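Colleague: Listed here are the chains, written in short residue letters.
There are 2 protein chains.
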Amino acid sequence: MKTILFPEKERWDALSKRPAIDRTYLEEVVRDIIYKVKSEKDEAVSFFSMKFDGVPACNLKVSPDEIRNAATQIPDELKAAIDLAKKNIENFHSPQLRTEPPVETIKGVKCWRKSIAIEKVGLYIPGGTAPLFSTVLMLGIPAYLAGCNEIIICTPAGKDGRVNPLILYTAQQVGITEIFRVGGAQAIAAMAYGTETIPKVYKIFGPGNQYVTKAKEVVQQDGTAIDMPAGPSEALIIADESANPEFVAADLLSQAEHGPDSQVVMLTNNKEVLEKVKAEVEKQLLNLPRKDIASRALKNSMLILFQSIESCIGFSNRYAPEHLIINTAYPDSLAGKVINAGSVFLGKFSCESAGDYASGTNHTLPTNGFARNYSGVSVESFLKTISFQEISEEGIKNLGPAIELMAKAESLDGHKNAVSVRLKSLQNV
Amino acid sequence: MKTILFPEKERWDALSKRPAIDRTYLEEVVRDIIYKVKSEKDEAVSFFSMKFDGVPACNLKVSPDEIRNAATQIPDELKAAIDLAKKNIENFHSPQLRTEPPVETIKGVKCWRKSIAIEKVGLYIPGGTAPLFSTVLMLGIPAYLAGCNEIIICTPAGKDGRVNPLILYTAQQVGITEIFRVGGAQAIAAMAYGTETIPKVYKIFGPGNQYVTKAKEVVQQDGTAIDMPAGPSEALIIADESANPEFVAADLLSQAEHGPDSQVVMLTNNKEVLEKVKAEVEKQLLNLPRKDIASRALKNSMLILFQSIESCIGFSNRYAPEHLIINTAYPDSLAGKVINAGSVFLGKFSCESAGDYASGTNHTLPTNGFARNYSGVSVESFLKTISFQEISEEGIKNLGPAIELMAKAESLDGHKNAVSVRLKSLQNV
Chain R
0 MKTILFPEKE RWDALSKRPA IDRTYLEEVV RDIIYKVKSE KDEAVSFFSM KFDGVPACNL
60 KVSPDEIRNA ATQIPDELKA AIDLAKKNIE NFHSPQLRTE PPVETIKGVK CWRKSIAIEK
120 VGLYIPGGTA PLFSTVLMLG IPAYLAGCNE IIICTPAGKD GRVNPLILYT AQQVGITEIF
180 RVGGAQAIAA MAYGTETIPK VYKIFGPGNQ YVTKAKEVVQ QDGTAIDMPA GPSEALIIAD
240 ESANPEFVAA DLLSQAEHGP DSQVVMLTNN KEVLEKVKAE VEKQLLNLPR KDIASRALKN
300 SMLILFQSIE SCIGFSNRYA PEHLIINTAY PDSLAGKVIN AGSVFLGKFS CESAGDYASG
360 TNHTLPTNGF ARNYSGVSVE SFLKTISFQE ISEEGIKNLG PAIELMAKAE SLDGHKNAVS
420 VRLKSLQNV
Chain W
0 MKTILFPEKE RWDALSKRPA IDRTYLEEVV RDIIYKVKSE KDEAVSFFSM KFDGVPACNL
60 KVSPDEIRNA ATQIPDELKA AIDLAKKNIE NFHSPQLRTE PPVETIKGVK CWRKSIAIEK
120 VGLYIPGGTA PLFSTVLMLG IPAYLAGCNE IIICTPAGKD GRVNPLILYT AQQVGITEIF
180 RVGGAQAIAA MAYGTETIPK VYKIFGPGNQ YVTKAKEVVQ QDGTAIDMPA GPSEALIIAD
240 ESANPEFVAA DLLSQAEHGP DSQVVMLTNN KEVLEKVKAE VEKQLLNLPR KDIASRALKN
300 SMLILFQSIE SCIGFSNRYA PEHLIINTAY PDSLAGKVIN AGSVFLGKFS CESAGDYASG
360 TNHTLPTNGF ARNYSGVSVE SFLKTISFQE ISEEGIKNLG PAIELMAKAE SLDGHKNAVS
420 VRLKSLQNV
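First to last, the sequence lines map onto chains R and W. Position 348 (the first sequence) corresponds to 347 in numbering that gives the first Met the number 0; numbering is contiguous. Position 129 (the second sequence) corresponds to 128 in numbering that gives the first Met the number 0; numbering is contiguous.
Please keep in mind that the hints were generated in silico from the structure rather than gathered at the bench. None of the values given here were measured: they were computed from a predicted structure. Among the hints, a few may not be true.
Here are the computed lysine-lysine pairs in the BS3-like style, where the Cα-Cα straight-line distance is at most 27 Å [stated by the list, open to error]:
{"#": "1", "chain 1": "W", "residue 1": "Lys86", "chain 2": "R", "residue 2": "Lys396"}
{"#": "2", "chain 1": "W", "residue 1": "Lys423", "chain 2": "R", "residue 2": "Lys275"}
{"#": "3", "chain 1": "W", "residue 1": "Lys298", "chain 2": "R", "residue 2": "Lys199"}
{"#": "4", "chain 1": "W", "residue 1": "Lys78", "chain 2": "R", "residue 2": "Lys109"}
{"#": "5", "chain 1": "R", "residue 1": "Lys396", "chain 2": "R", "residue 2": "Lys407"}
{"#": "6", "chain 1": "W", "residue 1": "Lys119", "chain 2": "W", "residue 2": "Lys37"}
{"#": "7", "chain 1": "W", "residue 1": "Lys158", "chain 2": "W", "residue 2": "Lys8"}
{"#": "8", "chain 1": "W", "residue 1": "Lys16", "chain 2": "W", "residue 2": "Lys423"}
{"#": "9", "chain 1": "R", "residue 1": "Lys37", "chain 2": "W", "residue 2": "Lys16"}
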């Protein structure tokens, strides 16, 4: 871990920079996969599943029996844990579904908005050694609450052709039964364009490897919406002298174990805390099963000492972390100063893992500094807003002359005429 | 205009298809412009302004004097019209700024969301012969209401180096004074990367020609957010026997005059209405200053006869129009059936021009079928949402064991440890 002492403001931007991710070398191979899936559909999907994942050709769609049987393979206490997480996520996301009253903007002109679910959405769930069934909850629950008509999951199968039962079980718990065993860029292409078996969707959600990420970028250019741009996961922790170094170190490591490119940063106004956390990280690292991954991530990580906690918050806003843990004596007073972050964890018991799994907030969050201009996934991510307006005789009389003048000034006489014919008809009455 | 009678459902998808827009041929030239502006900044901006718009090198930033003087060039009645529009747009957009109460998802776990303005945003306003000052209102007002810290405008100057006074005046009315005389792809590049004079922004809004659109696509891939993907403007009108053909024709033409690639569609369940509208369009077209543009757009336009108004709504949802005008005897009963549309105009006096200028709704809307998966611009477009959570001792006791189990099942022991160290500390107390 790099230790940086009292960096001057001029350095903050440089310190906030994430390593550049160059995916241009993937462009050709991913475009080729997408092109083939678009034209040869299921056949191409099976071909690439065999080629990249070693999955033999099999029914792309997971059968109802397979989904039902998944439950028998999950221990009861894990089922109860999933159920608790599900309830909390529902509790947090349900109020995001709102209706808005109409506004009479001027006498006779009634305007309103209505949020309506995107009809067809696709969720990509990474598979492999660590089945991200928590992501099934984080994407499936808001999709269900929004009322999406068709919710499908694509997730890669193992070499035995089977999808991890935890993913199947969790999907079933959130009401999703359209599950397809396909991963990688071929899965994204299948959802963007549709195949004989896999339905086309209008928006694609979910994390994935660099092929998945690149494929999402490419299909976005061709009209399929995506949840947000992707990047390696990251956490920034602000700790003062009240923080327990053991907790801080555990939080840093829980981020570092995600992947070798994970970003881990700690800011403090206390040199002793910095030293203690550093020592504690080294100690805890030894017992971590994923210590190889974590130690590679830690090589790029930073422990930064600032003069004050205010400077820590200032730097954090510049950095715009995906996860921000404020482990200080008075975290509430700092919460109001947060401008750029994906999700914020306040106080010593609010660890990031809580939000990753079960507190109720969503764990699909903007990384890579995108917290400056993107929000995390919410029920709104699965909705679009339509505006409506109803204008009465009185309304068009009130508005009409202004519209005529403005349209004329923009040289759009046809726009003016649409008002003029209506105003004229009212004079004739 | 093409007349289509009783198309079968199998044809609906084909009829809903917009002409493909291929911008790949722009890729090279636009990437070159972006690359040059990124490295040579102001110098490159001035070079391209001269090259493409014939604007001689001059101060890129519009001076306070120029902005103030603009007001003297606008007739008072047009000022009053702009003021009326501004008030209505404010009335409609203000309630979009909301706060949400916290949710206690489980005892001891308090979660909430907070919407915070994107700090720096850039508005692109097309200039030239038809200065789109209405777009200054439609983007500037929600940006201001959201509370964006830095709101800038880029808009091309004329060959005399001057920006249209209507744009300057309107910008000033909505509180924007950082205005830069630059258009095209070079303006988008300048806002995405910043130059000596033009500040870098985090999100770019606004319509533009194909260079602007392509440049927005390119900078989006590199981390700058954009409002939405672009396409030609379009309107779909549903009319029954109660509709006044003169109104319907005027609405079709007001859409057609936008550009030769505008999409204009009318659906009806009444053959006579179809014939009358067709005749009326031909009649009104003759008097339209932009009749050349409009008649080219009309060549691709469709008048479609259906058996019922329900089929009209069904087709419209498949088509997903930017603007949907429901000019029928009972529009309210149909409003509830709209699933895909940008903005909906109900009843005979609700013409699209009203929403384009002054009713209060936003006119920056998803085109090209994007109403299936995107919303129009709103105050939310200028905000991002941050989630917060605060977990007490009781909270981590309630949640902890479930998190440990789930993290373990995802093979993320570091995530589990972050909880375990906290639970252990509580046992020791």
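Colleague: Now look at each hint and say whether the structure bears it out.
Modeller: Each hint tested on the structure:
1. Of the supplied pair hints, the one linking Lys86/W and Lys396/R holds, its CA atoms being roughly 17 Å apart against a limit of 27 Å.
2. Of the pairs offered as hints, the one joining Lys423/W and Lys275/R holds, with about 19 Å between alpha carbons and a cut-off of 27 Å not exceeded.
3. Between Lys298/W and Lys199/R the CA atoms are separated by roughly 31 Å; this puts the pair beyond 27 Å, and the hint is violated.
4. A C-alpha spacing of about 24 Å is found between Lys78/W and Lys109/R, which places the hinted pair at or below 27 Å, so the restraint holds.
5. Only pairs whose Cα atoms come within 27 Å are accepted, and Lys396/R paired with Lys407/R is accepted, the gap being roughly 17 Å.
6. The hinted pair formed by Lys119/W and Lys37/W meets the criterion: a straight-line CA distance of about 18 Å does not exceed 27 Å.
7. With a C-alpha separation of about 51 Å, the suggested pair Lys158/W and Lys8/W falls outside the 27 Å cut-off, and the hint is violated.
8. In summary, the hint linking Lys16/W to Lys423/W is not supported, as the alpha carbons are separated by about 61 Å, beyond the 27 Å threshold.
9. A threshold of 27 Å between alpha carbons decides the hint, and for Lys37/R with Lys16/W the separation of about 17 Å falls inside it, so the pair holds.
Violated hints, in rising order: 3, 7, 8; the structure is consistent with all others.
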